[in-house]
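Between the sequences and the hints, there should be enough to build the whole structure, so can you do that?
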Amino acid sequence: MRVLAFIIVCLTGALLLYGTGEFPDWGDPQSPASVHLSNVYIEKALEQTQVPNLVTAVLADYRGFDTMFETAVVFCAGLACFLLLRDFREKKERYYRHTPTGVILHVKDSKKIIKVGKEFAHMDKNWVPSDLIIKSVCRILIPFIQIYALYVVAHGDFSPGGGFQGGVIFGSSLILLAISYDLKTLVRRIKEKVLGIWAAVGVLIYVGIAAICMPMGGNFLDYSVLAPLVWDPHHVRALGMLGVEIGVGIAVTAVMAIIYINIVSEGRHEEGL
Amino acid sequence: MTDLLPLIVAKYNYWLYVILMMIGLYAMIAKNNLIKKLVGMNIFQTAIILFYVSIGYKKDATIPIIQSAHGGGHGAHEAAIHAADYINPLPHVLMLTAIVVSVATFGVAMALAVRVYQRYQTLEEDELRMRLSEK
Amino acid sequence: MDNYPALIVVAPLLAALFAGIAAWIEERLSYPIAVIGLAISTFSAIMTLMTVIASGTIHYRMAGWAPPMGIEYRIDLLNAMVLLLVSGIAFLNLIASYKSVEQETSDRAGSFYTIYLLFVTGLLGVTATGDLFNLYVLIEITSLTSYAMVALGDKDRGPLASLNYVFIGVIGASFYLLGVGYLYLITGSLNMMDVAGILPALKGSSTVLVAFILCMIGVWIKMALFPMHVWLPNAYSYSPVAFARMVAPLMTKVMVYVMIRLMVTVFGFEYIFETLNIADAVVWLATLAILAGGVMALAQKNLKKMLTYIIVCEIGYMVGGAWMGNQLGMTGAILHILNDAIMTFALFLAVGNMVYKLKKVDLTDLKGLFGKMPWTMTGFVLAAFSIIGVPPTCGFFSKWYLILGALEKGAYHFAAALIISSLICAVLFFKVFEICFFEPMSEGHGHGESHSQVAIEEAPISMLIITGFVSLSLIVVGLYSGTIVNTIILPFLK
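Top line first, the protein sequences correspond to chains A, B and C. Residue 463 is where the first sequence starts when you use my numbering, and the numbers rise one by one after that. Residue 498 is where the second sequence starts when you use my numbering, and the numbers rise one by one after that. Residue -12 is where the third sequence starts when you use my numbering, and the numbers rise one by one after that.
The set of hints was computed from the structure by calculation and includes no laboratory data. Every residue gets a Cβ at the ideal spot worked out from N, C-alpha and C, and that includes glycine. Mixed in with the good hints there might be a few duds.
What follows is a list of derived Cβ distance ranges for each label pair [stated by the list, open to error]:
1) 185(C) <-> 506(A): 19 to 25 Å
2) 256(C) <-> 520(B): 33 to 39 Å
3) 695(A) <-> 501(B): 54 to 60 Å
4) 596(B) <-> 695(A): 30 to 36 Å
5) 529(B) <-> 586(A): 27 to 33 Å
6) 574(A) <-> 424(C): 34 to 40 Å
Below, the structure is given as structure tokens:
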């Protein structure tokens, strides 16, 4: 297998290198890729869309149709992880901790459920005493991370950022919560159903904004016909982009959390990392 | 040799991307462990991202955010925008998509690996093949 | 309304999202939502086809931007035909699937329909788009959904088969993406027509050559051309029946469409057949695919697996026809996309009905099936005749064009392979008929309750009606082949 793999790799590599022979030099401002379309985008985008961040302008407007399906890909991945892993059966074994004494109980019969409250607490199998410092720092940090995520989404038109980046940052704050406390804390705060619905709603915001353009008399995704609906018709394209970016952000956040929760807990949603 | 060297220097990140990509491809074909294969897959996809981003680069140009418009989007200050000052935004847009796709694929592949592990208690390919032929 | 081209793709996507929400709130709503979405899509596809036939190619600008800047849907006769094919088959299959989804994935039916619709969205988008990169994104949607589906069907072996499918699928898609990157680097554009306009000036460039090879390898991996077919049999036979029935006829055919689109529209015949000298090699590869597919099908003991190898064989027909380099061969290949999709669909519908009743379809389980499921078997026989290429059915006509094309070019090996594969298919299917017709019912084999006399145990009526309808359409499409060739394929090739 290794020899075969090596031969395949050498052949493919040679083919690719042969193709690079006639490439323009790296960074050449006169290369075809840098003059044909790119110049049009750079010179016209600000005027046409009122968005100075050209990447956002191209992403959410000129090639917004791509981005819509990209969001659908994200949604698809979340749904696939849920379908593959989610296991609604109860777990057989449970661990509890007697809070006053610190004694750990291992219950093998799934029917015996100890009431969790003041005296007993749920516990994971691979439990390590969580550090007060870690918990406190994360508790302080998480709100700031989330505000930063919102800023990245909202300011995507003017500075590097946008729905995907903001969504990932927001999602990672949720994952940080699950890591610093435990998975149950996260699952208790955000129900699975909520995540599932928001993932779809996020994409729906995008597709919805795009689809509304059709009865308004434009082509699919043509934000300019939405001018009568918004308060600032001059910036209608920028506002349309902001709208779809918010949808993207919601979908990405929800899907990040769905993927994380399902993979670390092997679909049981009971204990994880 | 004297001809080849400037050729490589002028295009060195295209050469780098090919090498990276081949490392990934080799891992995907030759490695025995499924997780190592997944890591190979990720390297493979990242190499393509390097390739695309290299296309977008222009010497003496900056990131594609129009600077004159900062501070207030109104009126779009009519200071002329020179295409030579900004790098090509399109490859970045395409790669944003490709990154998202590769993350999504990786997530699904991880979920599949978890399922395989739940079923067979191993992720080594030769052991898996043995288990399958036993039945 | 001018928005039909967008609606074809957007309606199933919207339906998928609503079905995904409904799955959490009221699962029973998912199915009607899915039906409505696909009905709108099919209706739009019909309207689009009629418009294209009446007034020529449609250009639909997404977001209103002119083509090289924005993404454009460019729908000509070939697209319009494949779009109608895809949405129609997906719609019919959805109606036939209600019971079998209930049987196989009852607790997650809502999510199943969501994935199903996303898959259809991907296929339709791949077919409709006029943009090289958009094509890649949509290919990835179809791939991701099919990875999930393969793992869902067979709980035991599905995940591993699916993981192997992921590895191969990612290599295929990445090669295509890389090919697009090379094209973009040398032309600076992603729109198919724009690229096609720039390429002739770059005829001798090694970059274009590598781009072409990379795109072709990527597409071949995705369509499972012979040496790259290893993922297909496992992936298709392990996925849930309701999904297999759609993925088997459509996925490979849409990829063949992508290959033809790249060859005809982007790179152009002149470049492929005059500048490059690889057409003969590819035709040989196709010949090999046909023979290998046939031989491997002979070795199978499971009906579903056997049919998947026949798909491998059929891909050889279409690739060979498209690379013949003459009008007859291309006509045959395009006609075969249509015919093969309907044939395979009919076959898998019949097999789906059998699986619904029998649970597993090893050849030995099929004993006495003619008595038990007469209508299903009639559909199966019709579809089998079509695959073999018996005259009034549609399979005959496309094979006829393919053979004529091969003879015109002097590729006698390809023509011989076509005839040999027909013989192999005949042997295969008569073996199945023999088991189903002459051998007595197995008594108490596997199942608890044994039947002393042959009782008719047909599949539910919704499944039977669709099976009957599709099987009859085999003959109808066969009889109207001349019309299809004259109104759609020949004007397209002009």
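Each hint, compared with the structure:
no. : hint                          : result
1   : 185(C) <-> 506(A): 19 to 25 Å : holds, 20 Å
2   : 256(C) <-> 520(B): 33 to 39 Å : holds, 38 Å
3   : 695(A) <-> 501(B): 54 to 60 Å : holds, 59 Å
4   : 596(B) <-> 695(A): 30 to 36 Å : holds, 34 Å
5   : 529(B) <-> 586(A): 27 to 33 Å : holds, 31 Å
6   : 574(A) <-> 424(C): 34 to 40 Å : violated, 59 Å
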